[in-house]
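Put the two chains together into one complex, using the hints given.
If you're matching them up, the sequences are chains A and B in order. One gets the numbering used here by counting positions in the first sequence from 1 and adding 19 to each. One gets the numbering used here by counting positions in the second sequence from 1 and adding 4 to each.
If you are wondering where the hints come from, they were derived from the structure by calculation, not from laboratory data. From a predicted model like this one, the values you see are computed outputs, not experimental measurements. Worth double-checking, as some hints may not be accurate.
Claimed, not checked - In silico BS3-like links for lysine-lysine, alpha-carbon gap of 27 Å or less:
| # | chain 1 | residue 1 | chain 2 | residue 2 |
| --- | --- | --- | --- | --- |
| 1 | A | Lys91 | A | Lys244 |
| 2 | A | Lys80 | A | Lys91 |
| 3 | B | Lys369 | B | Lys574 |
| 4 | B | Lys271 | A | Lys249 |
| 5 | B | Lys200 | B | Lys155 |
| 6 | B | Lys626 | B | Lys537 |
| 7 | A | Lys127 | A | Lys115 |
| 8 | B | Lys168 | B | Lys200 |
| 9 | B | Lys155 | B | Lys125 |
| 10 | A | Lys112 | B | Lys168 |
| 11 | B | Lys516 | B | Lys402 |
| 12 | B | Lys132 | B | Lys200 |
| 13 | A | Lys115 | B | Lys200 |
| 14 | A | Lys115 | B | Lys168 |
| 15 | B | Lys197 | A | Lys115 |
| 16 | B | Lys200 | A | Lys112 |
| 17 | A | Lys23 | A | Lys309 |
| 18 | A | Lys244 | B | Lys168 |
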Amino acid sequence: MFEKTGQVPDKNLLFAILTLLTFGWILSFSASLGHFSSYDYFIKQTIFIILGLSLGYTALKIPLYFYKNHSKLFFIITLICLALVFLPEPIGKTVKGSTRWIDFVLFKFQPSEMMKLVMILFMAGFLVRQEKDLRKPYMGFIKTLIIIGSSSLLLLLEPDIGAAFIISATAFAMLLTAGVYLKQLFIVGTSVVAIFVAILFQIPNRVERLTSFWREDLWLNKSEKVWQTKQALIGIARGDWTGVGLGNGIQKYTKLPEPHTDMIFAIIGEETGIIGMLFVLFTFAYIVLKGFKIAKDALKNNRKYSSYVGFGICTWLSMQFSINIAMNLGLIPPKGFTLPLISYGGSSMIFALISLAILLRIDMENRCEYSKQKHYV
Amino acid sequence: MSGKISTISKTLALGRVQNYWRRQGAIKYFFVFLFSVFSYQTTSISQSSIAGLSIQDRAYHQAASLERTIAQRGDILDRNSHILASNLLLKRLNLDPTLIQVEFIPKLAHILDMKVQTLSKLLASKRKIGSRYLIIKKNIMLTDPIIEQLKQLKLMRILVCANKNIANKLDFMAHILNTLNLQKTKTTHTLVKQCKRARIAGVALQQDTKRYYPKAASLAPLLGRVNANKKGGSGIEGEFENSLAGRDGQSLINFKAHTNKSYFNSKTITQRQQGQNIMLTIDADIQYHAYEAIKKSVQKHEADSGSAIVLAPNGEVLAMVNYPADNPNDNSTYNAEHYRNRVLSDKVEPGSTMKPFTMLLALDKNQITATEDEFIDVSKRIGHIKPDGKYKQMTIKKILQKSHNLGTVNVSERLESKAMYNTWNKLGFGHQLGLIPSIENSGSLRHFSSWASSDKRTLSFGYGPMEANLAQLARAYLVFANEGAIPPLKLVKNISTYEGTTQVFSKQSIAKIAHLLDAVVSNQGSGYQAQIKGYNVAGKTGTAEIVVNGSYNKKGTKRTFFAGFVPVKKPKYIMAVRLDHPKKCYTSWNPNLANKCEGSNSAAMVFKEAMGHILSNDTSIKLSMKN
Numbered sequence: 020m021f022e023k024t025g026q027v028p029d030k031n032l033l034f035a036i037l038t039l040l041t042f043g044w045i046l047s048f049s050a051s052l053g054h055f056s057s058y059d060y061f062i063k064q065t066i067f068i069i070l071g072l073s074l075g076y077t078a079l080k081i082p083l084y085f086y087k088n089h090s091k092l093f094f095i096i097t098l099i100c101l102a103l104v105f106l107p108e109p110i111g112k113t114v115k116g117s118t119r120w121i122d123f124v125l126f127k128f129q130p131s132e133m134m135k136l137v138m139i140l141f142m143a144g145f146l147v148r149q150e151k152d153l154r155k156p157y158m159g160f161i162k163t164l165i166i167i168g169s170s171s172l173l174l175l176l177e178p179d180i181g182a183a184f185i186i187s188a189t190a191f192a193m194l195l196t197a198g199v200y201l202k203q204l205f206i207v208g209t210s211v212v213a214i215f216v217a218i219l220f221q222i223p224n225r226v227e228r229l230t231s232f233w234r235e236d237l238w239l240n241k242s243e244k245v246w247q248t249k250q251a252l253i254g255i256a257r258g259d260w261t262g263v264g265l266g267n268g269i270q271k272y273t274k275l276p277e278p279h280t281d282m283i284f285a286i287i288g289e290e291t292g293i294i295g296m297l298f299v300l301f302t303f304a305y306i307v308l309k310g311f312k313i314a315k316d317a318l319k320n321n322r323k324y325s326s327y328v329g330f331g332i333c334t335w336l337s338m339q340f341s342i343n344i345a346m347n348l349g350l351i352p353p354k355g356f357t358l359p360l361i362s363y364g365g366s367s368m369i370f371a372l373i374s375l376a377i378l379l380r381i382d383m384e385n386r387c388e389y390s391k392q393k394h395y396v
Numbered sequence: 005m006s007g008k009i010s011t012i013s014k015t016l017a018l019g020r021v022q023n024y025w026r027r028q029g030a031i032k033y034f035f036v037f038l039f040s041v042f043s044y045q046t047t048s049i050s051q052s053s054i055a056g057l058s059i060q061d062r063a064y065h066q067a068a069s070l071e072r073t074i075a076q077r078g079d080i081l082d083r084n085s086h087i088l089a090s091n092l093l094l095k096r097l098n099l100d101p102t103l104i105q106v107e108f109i110p111k112l113a114h115i116l117d118m119k120v121q122t123l124s125k126l127l128a129s130k131r132k133i134g135s136r137y138l139i140i141k142k143n144i145m146l147t148d149p150i151i152e153q154l155k156q157l158k159l160m161r162i163l164v165c166a167n168k169n170i171a172n173k174l175d176f177m178a179h180i181l182n183t184l185n186l187q188k189t190k191t192t193h194t195l196v197k198q199c200k201r202a203r204i205a206g207v208a209l210q211q212d213t214k215r216y217y218p219k220a221a222s223l224a225p226l227l228g229r230v231n232a233n234k235k236g237g238s239g240i241e242g243e244f245e246n247s248l249a250g251r252d253g254q255s256l257i258n259f260k261a262h263t264n265k266s267y268f269n270s271k272t273i274t275q276r277q278q279g280q281n282i283m284l285t286i287d288a289d290i291q292y293h294a295y296e297a298i299k300k301s302v303q304k305h306e307a308d309s310g311s312a313i314v315l316a317p318n319g320e321v322l323a324m325v326n327y328p329a330d331n332p333n334d335n336s337t338y339n340a341e342h343y344r345n346r347v348l349s350d351k352v353e354p355g356s357t358m359k360p361f362t363m364l365l366a367l368d369k370n371q372i373t374a375t376e377d378e379f380i381d382v383s384k385r386i387g388h389i390k391p392d393g394k395y396k397q398m399t400i401k402k403i404l405q406k407s408h409n410l411g412t413v414n415v416s417e418r419l420e421s422k423a424m425y426n427t428w429n430k431l432g433f434g435h436q437l438g439l440i441p442s443i444e445n446s447g448s449l450r451h452f453s454s455w456a457s458s459d460k461r462t463l464s465f466g467y468g469p470m471e472a473n474l475a476q477l478a479r480a481y482l483v484f485a486n487e488g489a490i491p492p493l494k495l496v497k498n499i500s501t502y503e504g505t506t507q508v509f510s511k512q513s514i515a516k517i518a519h520l521l522d523a524v525v526s527n528q529g530s531g532y533q534a535q536i537k538g539y540n541v542a543g544k545t546g547t548a549e550i551v552v553n554g555s556y557n558k559k560g561t562k563r564t565f566f567a568g569f570v571p572v573k574k575p576k577y578i579m580a581v582r583l584d585h586p587k588k589c590y591t592s593w594n595p596n597l598a599n600k601c602e603g604s605n606s607a608a609m610v611f612k613e614a615m616g617h618i619l620s621n622d623t624s625i626k627l628s629m630k631n
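In isolation and in its complexed conformation, chain B is listed as follows (with noise of 0.2 Å):
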């Protein structure tokens, strides 16, 4: 009996057991319709999207940011590789003022060499705007002692106090209610002063650079210089702004934000290019030079403005010098005027320094033959030009020595309008050189079709229908140098021109032409100032009136050029100079005579002083016996 019971106790315990296993199970199938969820939640995080944008790009652009790499500017050289215009590192300061300590702010005075008050006060004009930048100094050298003291001041350790905010604690039950978000008791704060020893912080020393010009003013009009954005302006470091910049490189990468150490994985967008440096042909001691002398010629004679352009035979630009200019270094003021590039951006009637093309296109043409014992008749008018009474007739010699316009016009009537344009067209004129084409103005040759009587007159002593830069006009002369052909300019070595030398005069007419303007510069000639002891040099002088409002002005406005080479057998400097009304002129005999501007008593003298010292620095040229 009692087992019976026993067994229906079983099976009833039993029954109820199964009941707790259902429940059991009923537990277990509630987690599995979890798990499930979650699986298909795992899976559909990826493929959601959140206002239009898919989570995945979402994760994409949080993830990265996009990083630049400064491109290093590229230097610019001359021919010897010495630098023109470099990159300076420097170091900038930057104050964090919601960072630093007000103990910190005597000793950071003190080294930075300002009134604790006018610190403090920029400090706090800053800190008032919460701004987290005060660039204190710019431009720091590495050498400069402030850095050194700056290392020690952030090893120093002085007693800070601040008045801090310290957090009540909160009740049990409010903190309770806080957890449970369910009631948002406010913390309030007490205010405490605490004190300890501490380390300054919120000054950092940033990365900076910054363009250097190491010749000064001397080259500022033909460099250019940058932008604060560090962009070119104008010159070389504008015109060759792409390749001297190089390319920023951009990439995306990761950043972790407390130590700035990026993640791997970076993402390059674009590589970055550096910067390329640029050769120039320019001779920095020929272009020192030549500065100095067109420098020193500006303030004696109290012109408006100089400019000089030095070649070398193969047409490579040696110096190309203007002033005034300023210096690049100095970025406190900016007068365009001052890095006008005058020798490429001007247009200008050449004048008189012209004639000796006249003379050669006419030996050439076989109409004169320039010997002692050809005379040119001088005492009839022809058009406008009048006999000046002075000489009756004169040999091509004596005319380019004196620098006689109704000569030159006399042999240019026996030459054609067609050649003469001809001439002077594959002499350059009125063509771009190509050196820096966005400043560069081409001048202008009228073509001969619609020439007046007088424009082919004029234009044989370097006016009317024609004008041009100072950089052509010296190209021009570029035939003594090449045996009657003309190569192309060049600026920028290791580039080739597309243009080749073209030959414009014969070999015999250039040997006579310039035997001839070796006489200009001799005490006879007009170019007597530009004589060089110990050299045998030769030249032309020009004087030009300048139009003001239409019409030439005769009272004194005018440009003086010279343009010469030397020595005069294989020459290897050719030199163009240009003042522009020059106020204040002397005789050679007196130096305190005041004498009437023109080319051989201003211009020929820049020549002749920088010159003098160029030709001083080279050895390879043999010194003559004539003087």
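Just chain A, same shape as in the assembly (with noise of 0.2 Å):
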């Protein structure tokens, strides 16, 4: 199961991960300590957080080999636990109408979190196999379909839509780059995307309740959802540039109703202003563009499972944070989304830390001895 590559992690990689989970640590204790009043959040973050480089670093052992032998069973547990949130308490969970996690007494296990990774590894798989396949016109992309179909519709019975979403984007981007015909997609996702407006077209005021977020004046939109979005920006507003300081925010206290998990990105505005959110962005636009470098060496070094798997999990969480964080600019409405490495969530931080972990150990098999990497895939 182990193997090792002779190589060391790349520091810089490694770094501006550690500098971002640090910067995140904190600001969501900030964030949680002024929400709650209590330093339970904090404590079971660092919990996670030491739990998640725990397994990172084993996962920095793992060659990509065996997560391609074992997709199969990743992909069926995981679709297993996802079917188990449904049993009634004391196993599954339900929260604010949400049933999404697994109780394990002393934590909530969230197997959609699980999903994203576990997707990208077997979809990774999938595509290698099935490269005949896929370049056969339909017969792959139905194949596909019905991957991602089972996972979406189990997750959509949550309700987890943007789960769903975005496991099945990265699953539609990972079979674009796997070289599926253009003209295929295309002809598919005009489909999709007819049904869905066929759909549309059937429920009355369809249009307007899609676009009326963007359509309406957010400052007249007396909505509770938009709520959130408006102070989102307010708090960022009251950052500047220069932020008001950590822990002087104000907004995490009653204005924001999430403000350790969706809406931590507004309070690091709040708190460090444009310079705390620049420096986030930066940080992160570093890792996955170094993260989409990886992925290219792979595929060029002839490694299709773990470029595939590299630019899975890049496009993942480039995803994960640009949804999030267009959601605390305002640019869409608020969905619950976590921003990952920085929001509080136990789930949600062990795997990221487990995929970077990932794309460390991909980076540390494109650069050792060609002899060893002949085994590698």
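Below, the structure written as structure tokens:
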């Protein structure tokens, strides 16, 4: 299971990850302490980070072919987990109308976070195995749709539309880069959109509802969801360039409903200002660009599995990151998305760290001697 | 051959791979583009503005709320630091009709000593209009058992049932559509009766303060009282409103709604300034005795009103009383007349109480000697003042003792109008005293150039071109305590007045007239009813006719005065009394025999009554063996 590469992880990348992690750790501490007047969240988050780091360290030792060989098993286990949440309490756990958690007494485990990573691992394996199918019109595509559909259906039932969207979009992006014919993708894509539009037209006021966020003046919109966006913007405005100072933010107390998870970026904006926000943006951009580079290098070495996994991880994190930030900056209506590496949350933190460890591992495998590389995938 | 093919296939494969990384690159650049948009957006948000208001201003306004810190109103103290007006910390009970559970109403009604139906009705009527406030009881003392009972009630848990709307679960498709914001399916509700043991909700004891006047009515017209908005309305409370009230602090603070705790970063706009205490020169005990005496007298003589002022020789006001007066602690009634400070607000003609000053001036000008062998002719008419036929000639002592008008006019004939005007002016008539400027009536003293010949004559016995308030009259009598000098009056301690002491009469003249006034308060004088056993009292009675409809009313409507001081040598207390329109007076020898009301048989008695008590409490004055 474990195998040495004889290489050390990329220092710059590792440093960037740890910097962002520390930054997020402090800010989510500030936000949760302000919101709940309790240290519990800080302590839990610290435990999650330690757990994530140790799991990540383990992941550094595991070669990529291990995932490739066992990706089917992982996928099935995760699907079962996704189904487990529907069991009645005390196993399944419902919070605010969503059934997303398995209760492990001490902590709640969110299988949808695991699914994001497992889907990438499985999809990459599937794409490598089905390379020929993929180029065969529609066959591979249908198979892909089944894979994505099975997990998405479970996620939609929870409902966790955000996760379903992220997973599907990541899978499609991977499909695109795995060499699917564009014509084919275009046809299927258009038909999916067409079906969606057709459904849309069956529902009264559909377009208005969907676009109301952008059409209506944000500040005249009295709806409760938009309230969050307004408060996030106000918080960011309070911060200005240098921020009001760590711990000095006030939006986290009552104005923002989820300051330690979804709305953490607004807290960063308020407490550390534009400088803090740009720091997060640039650090993250550095990590992802580095990740894309690693994926490209792997592809050059003809290690398709690693490349797909690396690309998948980067796409997933970027997407999650983009949606969260767009939401905090008032560009899209608020939905439940966490900010990877920064938001409070055990499952998302642990899987983000494992994913990044896998990315580092791919890089290490890229750089090791040719003789060793041969059996890497 | 095969090797060639494999190389070709490898090259082909590589070509394909290159294609993929271009696709990867496309995705990558898509995100790079997004990140650039975000970077731009982060810098632009704080510069944006909404409807003309910059978002930062908006943030500032939203973040902070204006918090007032209420300044405590200052106390009013007397010269011995006894409290005359202070603040009581009280509680008031607010019931939130939207929260109180029906099951608790009987218990609450029991504590409040109300009927259950009454309370239910009250709550229901408030609930109907959606009000969250029902102040059911105000001014609850901290020691009130209600507070303890409420505490117990709040700990109690009883079974509370409520009908609750439980949302029915949506079916899956509707849920998805709802979440996607595409279709709004109204959730239906079922009414379910839920019962659980719960504590009472919506009962709050709120902090309240009440202005309290421990001396009740005795000081009411002087102190005034605060109105419903806790602002001083009249009297000291009104005059010194700014110092007493202090200044409420204003700060911008951020509130944590659910705990009511404020965040840090509060910004003070105005610093709170607590109200300042005001120490009056009033002596609460003297005030009390004076008030009781006036009250008794007004009731006995059926006067319309009565007022009195007691001064210390240095001009400090020891008491300033008025009757009728209301208890300011009773908020149920308000009669402006009962808060009228007649001592300062009414200008009146002081009548015969001014005669000693005519004599003093004549003495100073060497027009009389005021000895036993000097006789003033009172047999001839002077102007409209006719002789009474009882006396032919009188000594100055007799004139004062009998309060003889013609005798006084005769003396005044020897004086110049200018000299009289100057002296009266120096005595402060027609000038503001500056005690409570807002309610003070400074009286009047017409300039001598406009006097007719009769004006000088009437002025000599306290009528005509002058009117004064009682405090001015009392102040003029301070010359007897200051060897002819007159200091300014003082009502508030620790405030020094700009005005200095003015010398009006000579020391010798004062001693002579004081001696004569001592004789007035003797069995032979008009002030016989002011005699106090064991003390030498000097004083002068006065009876003034009141102008009704433009002419002096000869038929009974009168003001009676008494102005006096005690002891005669080195006076310690100077008191002036005024009764308006006393209707029932009695002879001294038979308390049931009705008599015409004059200063001698009404106002003088107030002096005796009040001074008797004041002197018996003052051990520093030696008893005189004369009486």
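- [ ] Against the earlier hints, flag every one the structure doesn't satisfy and list their numbers going up.
- [x] Number 1 only.
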